[in-house]
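Chains D and E are the protein sequences, given in the same order.
Counting along the first sequence from 1, when you hit position 100 you're at 134 in my numbering, and nothing is skipped either side.
Counting along the second sequence from 1, when you hit position 238 you're at 272 in my numbering, and nothing is skipped either side.
Certain hints may be false.
Coverage of chain D stretches by chain E, computed from C-beta distances (three or more under 8 Å per stretch; other residues unrestricted) [to be verified]: (1) 104 to 112; (2) 115 to 124; (3) 176 to 186.
Don't read these hints as lab results, they were simulated from the structure.
Every value quoted in this text rests on a predicted model; they were computed, and no experiment measured them.
In this text, a Cβ means the ideal position worked out from N, Cα and C, and glycines have one as well.
So the chains spell out like this:
There are 2 protein chains.
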Amino acid sequence: MVEVLEGRPANVGFRMPAEWEPHEQCWMGWPERSDNWREHAGPAQQTFARTAIAISKFEPVTICASAQQYSNVHKLMQHQTNIRVVEMSMNDSWFRDMGPTFVTRKAEPGIAKQTIAGIDWEFNAWGGIYDDCSLDRDIAKKIVQIERIPRFPHKMILEGGSIHVDGEGTCITTEECLLSPNRNPDMTKSEIENELKDYLGVTKVIWIPRGLCGDEDTNGHVDNLCCFIKPGVVLLSWTADEKDPQYERSVEALSSLSESVDAKGRQIEVVKIHVPGPLYMTEEEAAGVVSSGHAVLREPGTRLAASYVNFYIANGGIVAPAFGDEKRDKEACQVLQKAFPGHGVVMVEGAREIVLGGGNVHCITQQQPMRPASS
Amino acid sequence: MVEVLEGRPANVGFRMPAEWEPHEQCWMGWPERSDNWREHAGPAQQTFARTAIAISKFEPVTICASAQQYSNVHKLMQHQTNIRVVEMSMNDSWFRDMGPTFVTRKAEPGIAKQTIAGIDWEFNAWGGIYDDCSLDRDIAKKIVQIERIPRFPHKMILEGGSIHVDGEGTCITTEECLLSPNRNPDMTKSEIENELKDYLGVTKVIWIPRGLCGDEDTNGHVDNLCCFIKPGVVLLSWTADEKDPQYERSVEALSSLSESVDAKGRQIEVVKIHVPGPLYMTEEEAAGVVSSGHAVLREPGTRLAASYVNFYIANGGIVAPAFGDEKRDKEACQVLQKAFPGHGVVMVEGAREIVLGGGNVHCITQQQPMRPASS
Numbered sequence: 035m036v037e038v039l040e041g042r043p044a045n046v047g048f049r050m051p052a053e054w055e056p057h058e059q060c061w062m063g064w065p066e067r068s069d070n071w072r073e074h075a076g077p078a079q080q081t082f083a084r085t086a087i088a089i090s091k092f093e094p095v096t097i098c099a100s101a102q103q104y105s106n107v108h109k110l111m112q113h114q115t116n117i118r119v120v121e122m123s124m125n126d127s128w129f130r131d132m133g134p135t136f137v138t139r140k141a142e143p144g145i146a147k148q149t150i151a152g153i154d155w156e157f158n159a160w161g162g163i164y165d166d167c168s169l170d171r172d173i174a175k176k177i178v179q180i181e182r183i184p185r186f187p188h189k190m191i192l193e194g195g196s197i198h199v200d201g202e203g204t205c206i207t208t209e210e211c212l213l214s215p216n217r218n219p220d221m222t223k224s225e226i227e228n229e230l231k232d233y234l235g236v237t238k239v240i241w242i243p244r245g246l247c248g249d250e251d252t253n254g255h256v257d258n259l260c261c262f263i264k265p266g267v268v269l270l271s272w273t274a275d276e277k278d279p280q281y282e283r284s285v286e287a288l289s290s291l292s293e294s295v296d297a298k299g300r301q302i303e304v305v306k307i308h309v310p311g312p313l314y315m316t317e318e319e320a321a322g323v324v325s326s327g328h329a330v331l332r333e334p335g336t337r338l339a340a341s342y343v344n345f346y347i348a349n350g351g352i353v354a355p356a357f358g359d360e361k362r363d364k365e366a367c368q369v370l371q372k373a374f375p376g377h378g379v380v381m382v383e384g385a386r387e388i389v390l391g392g393g394n395v396h397c398i399t400q401q402q403p404m405r406p407a408s409s
Numbered sequence: 035m036v037e038v039l040e041g042r043p044a045n046v047g048f049r050m051p052a053e054w055e056p057h058e059q060c061w062m063g064w065p066e067r068s069d070n071w072r073e074h075a076g077p078a079q080q081t082f083a084r085t086a087i088a089i090s091k092f093e094p095v096t097i098c099a100s101a102q103q104y105s106n107v108h109k110l111m112q113h114q115t116n117i118r119v120v121e122m123s124m125n126d127s128w129f130r131d132m133g134p135t136f137v138t139r140k141a142e143p144g145i146a147k148q149t150i151a152g153i154d155w156e157f158n159a160w161g162g163i164y165d166d167c168s169l170d171r172d173i174a175k176k177i178v179q180i181e182r183i184p185r186f187p188h189k190m191i192l193e194g195g196s197i198h199v200d201g202e203g204t205c206i207t208t209e210e211c212l213l214s215p216n217r218n219p220d221m222t223k224s225e226i227e228n229e230l231k232d233y234l235g236v237t238k239v240i241w242i243p244r245g246l247c248g249d250e251d252t253n254g255h256v257d258n259l260c261c262f263i264k265p266g267v268v269l270l271s272w273t274a275d276e277k278d279p280q281y282e283r284s285v286e287a288l289s290s291l292s293e294s295v296d297a298k299g300r301q302i303e304v305v306k307i308h309v310p311g312p313l314y315m316t317e318e319e320a321a322g323v324v325s326s327g328h329a330v331l332r333e334p335g336t337r338l339a340a341s342y343v344n345f346y347i348a349n350g351g352i353v354a355p356a357f358g359d360e361k362r363d364k365e366a367c368q369v370l371q372k373a374f375p376g377h378g379v380v381m382v383e384g385a386r387e388i389v390l391g392g393g394n395v396h397c398i399t400q401q402q403p404m405r406p407a408s409s
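Make the full structure from the sequences, and use the hints.
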């Protein structure tokens with residue numbers, strides 16, 4: 035087996051790089067469960083495929099698919115030379131949350147040591163929205179094994195989508211998720227904060243009270259509400275409609291962010307990006323999900339936790355969700371292009387299919403940072 | 035998908051390296067089917083594990099195991115830092131035969147091109163000794179995908195264990211296997227020979243009439259009868275007992291080899307290595323196999339196709355089967371040490387468990403050669 039590392043990553047020089055730092059590749063899963071994805075996951079698979087292909091124009095992609103889906107995916111991707119398909123079984127396909135959180139450290143001249151490792155957090159399906167997550171709990175392990183990258187196992191329950199870092203010592207997260215009693219009820223806020231510091235290599239954690247409106251599946255993951263676009267600057271999901279329940283959440287986040295200072299002593303600057311819609315699950319969409327009793331119920335009329343900040347930063351590219359809300363999609367594209375002037379912005383059509391399942395582009399991707407060169 | 039290459043490997047500069055050329059790693063599967071491996075594959079798994087660990091002292095090893103077996107193997111290998119465990123489903127675990135045949139070519143200054151590729155032969159479970167080989171048919175594809183190595187698909191049915199090369203233009207094989215009507219009945223001997231030449235990058239094919247006595251499963255794979263120990267020299271399974279049906283086969287092979295000249299014009303020199311036993315399947319061993327109607331029957335009293343040439347050449351090491359025949363095991367170890375004076379020889383205890391399933395160390399391993407350095 036590939037090495038299990040002892041100790042706490044920050045103590046031995048590791049830190050989680052910002053998402054805009056160079057990647058070696060992007061990892062994705064493949065949706066298939068009929069009790070979460072409508073029409074036996076067919077429409078979602080099309081959007082996952084589009085997402086993978088979009089990212090593969092910027093960096094190599096690995097799609098992991100179950101034995102049952104392997105041939106299908108292999109065939110779908112037969113003309114995509116920058117995508118490999120690897121067999122991996124899973125309960126569902128949210129590699130942001132199940133995958134390892136990669137950390138890196140600088141090489142030191144004359145000292146042979148690992149410059150990359152994967153943190154393997156405990157996983158309990160976001161507090162238990164489906165009942166069996168035994169396969170998902172092995173995803174991080176399987177990914178680092180394939181890459182022969184050592185692993186830091188951790189007993190704390192944490193999903194990758196519940197944290198964002200600026201690569202310069204600051205982490206943002208939400209109290210709604212990390213302090214939810216279905217995660218780590220025996221840990222205090224300050225104990226959790228210490229783990230984030232020691233494992234992500236940060237010195238400052240900024241706590242936002244709540245995540246996006248409607249994001250009950252994840253208990254308000256930060257990656258659906260806001261993200262760093264560079265150190266000191268956070269992009270925040272926004273609505274101008276005071277009657278929208280999102281308004282209160284956005285104002286609250288704006289205020290906690292604006293009042294915060296990051297690890298380097300910078301006052302956080304906030305850039306707003308308007309949410310689409312509001313969007314709701316239709317009768318037809320809800321009816322396409324096969325209720326099994328083993329996963330969360332999908333009911334018509336549910337507010338969709340749709341947000342443009344749920345994008346992926348690839349090497350030189352931004353791959354972001356488009357929801358079919360023509361006005362907001364276009365507006366979001368412009369905000370993203372302005373936020374990342376050096377990146378090509380690609381809006382993935384059909385991202386509504388991912389939000390119907392409970393997340394978006396960021397939730398289904400996991401970057402593997404480039405290993406720092408040995409010196 | 036990772037690239038599919040057009041054309042014939044030899045025409046674009048590829049050749050199959052000899053097994054003693056440097057490896058990047060070794061690939062293995064993991065046995066599990068109760069209708070081929072006694073006691074639900076428990077004893078065989080122990081021997082596979084010992085084999086993998088022995089090889090991992092010389093070069094990195096990848097063990098592929100089904101989703102069902104993954105946790106078991108991961109745990110078994112937890113202290114083996116040079117072994118990774120990768121999920122892969124399979125019908126059985128003979129990676130020599132199901133895996134890709136890797137070919138390499140030299141880099142050319144200033145020209146960006148692939149220096150390694152995998153030949154993906156057609157596979158039909160050795161003419162059909164079990165009825166479903168749909169998963170095995172994807173093994174080669176899955177392996178090259180993991181490595182992002184391009185693939186040469188081939189329509190001819192061929193197993194890796196049915197060929198050996200000297201890396202200098204010569205291939206040895208058996209008529210019993212390659213001309214068996216359950217493989218490629220529509221191809222003539224000369225057509226098959228042409229495919230070997232164009233895909234393995236050889237110019238001379240030496241045909242031995244028959245393989246080892248008792249090797250009905252594979253129709254006499256050459257890798258259980260003899261192998262190159264260096265260019266111009268072949269190690270041949272031998273018996274001094276004229277009443278043993280193996281005697282006739284060994285004499286026949288000795289004569290066809292001795293009369294042959296290799297691609298470089300060298301007369302083949304033959305070194306003999308005595309087979310163990312003869313060994314036969316016991317009542318208890320046969321009774322431990324659960325008959326399913328989907329695989330070959332294992333019957334007590336069957337002559338085991340046991341041979342010491344079924345070893346693996348690792349980087350600096352020879353990993354060979356030990357059958358518990360004290361005298362012959364010791365003798366074989368000495369012959370191997372003399373044949374490979376620069377290699378450490380490791381005899382794997384319990385190799386009888388592999389021959390009970392139909393092969394040995396060479397049959398369950400597949401070397402991935404080092405990529406020639408770009409110049």
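Going down the list of hints, with the structure as the test:
With 5 residues having a beta carbon nearer than 8 Å to a beta carbon of chain E, the segment 104 to 112 of chain D meets the requirement of three or more and the stated coverage holds. By the rule of at least three residues with a Cβ nearer than 8 Å to a Cβ of chain E, the coverage given for the segment 115 to 124 of chain D holds, with 8 such residues. Under the rule that three or more residues need a Cβ within less than 8 Å of chain E, the assignment of the segment 176 to 186 of chain D holds, with 4 such residues.
No hint from the list above goes unmet by this structure.
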